[in-house]
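There are 2 protein chains.
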Amino acid sequence: MTEKTHNIVVTSSTMSDPASLEEGKTRVQHIENHSTQPRLLSDMIIGFSDGLTVPFALTAGMSSLGSTRLVVMSGLAELFSGAISMGLGGYLGNKSEIEFYRRERHREQMEVDLFPEKEKEEIYDIFAEYEIEREASRGVVESLARRKELWVDFMMKFELELMKPEDNRVWVSAITIGLSYMISGIFPMIPYFIMKDATKALFVSIGITAFMLLAFGVIKSYMVATSRRQIVVGAIETLIVGAAAAAVSYGMVRGLDHATNL
Amino acid sequence: MTEKTHNIVVTSSTMSDPASLEEGKTRVQHIENHSTQPRLLSDMIIGFSDGLTVPFALTAGMSSLGSTRLVVMSGLAELFSGAISMGLGGYLGNKSEIEFYRRERHREQMEVDLFPEKEKEEIYDIFAEYEIEREASRGVVESLARRKELWVDFMMKFELELMKPEDNRVWVSAITIGLSYMISGIFPMIPYFIMKDATKALFVSIGITAFMLLAFGVIKSYMVATSRRQIVVGAIETLIVGAAAAAVSYGMVRGLDHATNL
Chain A
1 MTEKTHNIVV TSSTMSDPAS LEEGKTRVQH IENHSTQPRL LSDMIIGFSD GLTVPFALTA
61 GMSSLGSTRL VVMSGLAELF SGAISMGLGG YLGNKSEIEF YRRERHREQM EVDLFPEKEK
121 EEIYDIFAEY EIEREASRGV VESLARRKEL WVDFMMKFEL ELMKPEDNRV WVSAITIGLS
181 YMISGIFPMI PYFIMKDATK ALFVSIGITA FMLLAFGVIK SYMVATSRRQ IVVGAIETLI
241 VGAAAAAVSY GMVRGLDHAT NL
Chain B
1 MTEKTHNIVV TSSTMSDPAS LEEGKTRVQH IENHSTQPRL LSDMIIGFSD GLTVPFALTA
61 GMSSLGSTRL VVMSGLAELF SGAISMGLGG YLGNKSEIEF YRRERHREQM EVDLFPEKEK
121 EEIYDIFAEY EIEREASRGV VESLARRKEL WVDFMMKFEL ELMKPEDNRV WVSAITIGLS
181 YMISGIFPMI PYFIMKDATK ALFVSIGITA FMLLAFGVIK SYMVATSRRQ IVVGAIETLI
241 VGAAAAAVSY GMVRGLDHAT NL
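So the sequence lines, in the order shown, correspond to chains A and B.
Residue numbers for the first sequence follow the numbering used here, so the first one is 1 and each next one is one higher.
Residue numbers for the second sequence follow the numbering used here, so the first one is 1 and each next one is one higher.
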């Protein structure tokens, strides 16, 4: 569990000035927030980044057929499929995480019971990575060896680098991701709801999506970036994702339409 | 970075018998694999779980319009949009992770330089969580205090629980996710390519997808589950995601089709 995909951890301190006078306070929030707010934000980011590209790209592609009705139907079909898939996917992902943690903790518990000396050596090894000699580490090792439960907790975190997942967040995460996807995905479709000309609607949809992608890119980059330059870069990058997906989608449907119409 | 979404870490040891005689060896692999193979596998899982549900659900919905041609066009449009969005999304996600790590390390470096005593206290606090007294911790703390770079590394991992992201994996991850999505997403569409009757094709598509979802569910659960029961549960859960998405998508397109045909 030492690595993540699509999961941008955001803490209050990330958004604060590094030279903040409230350094200490920020740092505290920083740690506290690690397991709560960042998760919510990262779930939203996951939902938004996909919701802002796929529904837009699909409807852009379908618009080349000239029927706003088809665009709306395929768009909504995708929107709900995607939201359910991402939401339930998030739910299952979190549940797997919890299973995995339980299994690994059980293994670790067993090892501490069966091979305590081997586990002690593993603590020495962890500290050795930081050039801490056995003598210096002994105090910590012996102290841990006296408290088995805490010892296992220590190994889980510092040897296996597994963090205890929060069972209660499973559904929150699923709903956050699914809703973020639907909310961000509905905007590019609005033009097709109200306009009759699919091509005109496409241009309005491009405008809406470009604006939302840029805004999202700026916000996202702002939360993780270190400089103004990176904010701009991040915003443009996010825009490129949507543009690339939409262009490919449009070309594909258009090409197929012509090919099958010959 | 202490938590992940959609990221199931899989290690060789997860698949090995806990009572394995090669316990030691497995454990070593276990740790080594944490940052490499699991990431690849989790990227594939992310691509597959979405690729097996959304394209299937969308095409199922569109099939209610009775034209395999429309199904194929919308399906392929979705397939490419989704793959590009997920792939580039993964790319940007990993890049943000790297940015975030750099920023946080810079902060930590600054704190170690400016407030060494405060940072020392933070090490004592980390150990205090495991009921390790100051006396026992002193050796480690003083030893770290003598090596600033390693001290910062230690704080990054043990205080902030941030793991150094691998820059070189950014593209690998993007391609893995995108390809997994396309490969898994193309299967449910095959019937629509070769059959003329959209409804008949739908049933074949359901069969293909159900089989793939179950297989995927079994494999995924096997890699993280602890018991046969969980494997079955996991497989059924994965199947439910696809079924729910497809049903909603079908009902939506069908309903809209009728409503707009009145």
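Hints listed in this document are in silico derivations from the structure and should not be mistaken for laboratory results.
Among the hints, erroneous ones may be present.
Which copy? The list can't say, so a pair holds if one copy fits it or any two copies do.
No more than 35 angstroms apart at the CA atoms, straight line, and that leaves these computed lysine-lysine pairs for DSBU-like [what the hints assert, rightly or not]: (1) 95 to 148; (2) 120 to 200; (3) 157 to 120; (4) 164 to 200; (5) 95 to 118; (6) 196 to 148; (7) 196 to 118; (8) 157 to 196; (9) 164 to 196; (10) 200 to 157; (11) 157 to 118; (12) 157 to 95; (13) 148 to 164; (14) 200 to 118.
Check your understanding: Which of the stated hints cannot be reconciled with the structure, identified by number in ascending sequence?
Key -> 2, 4, 6, 7, 8, 9, 10 and 14
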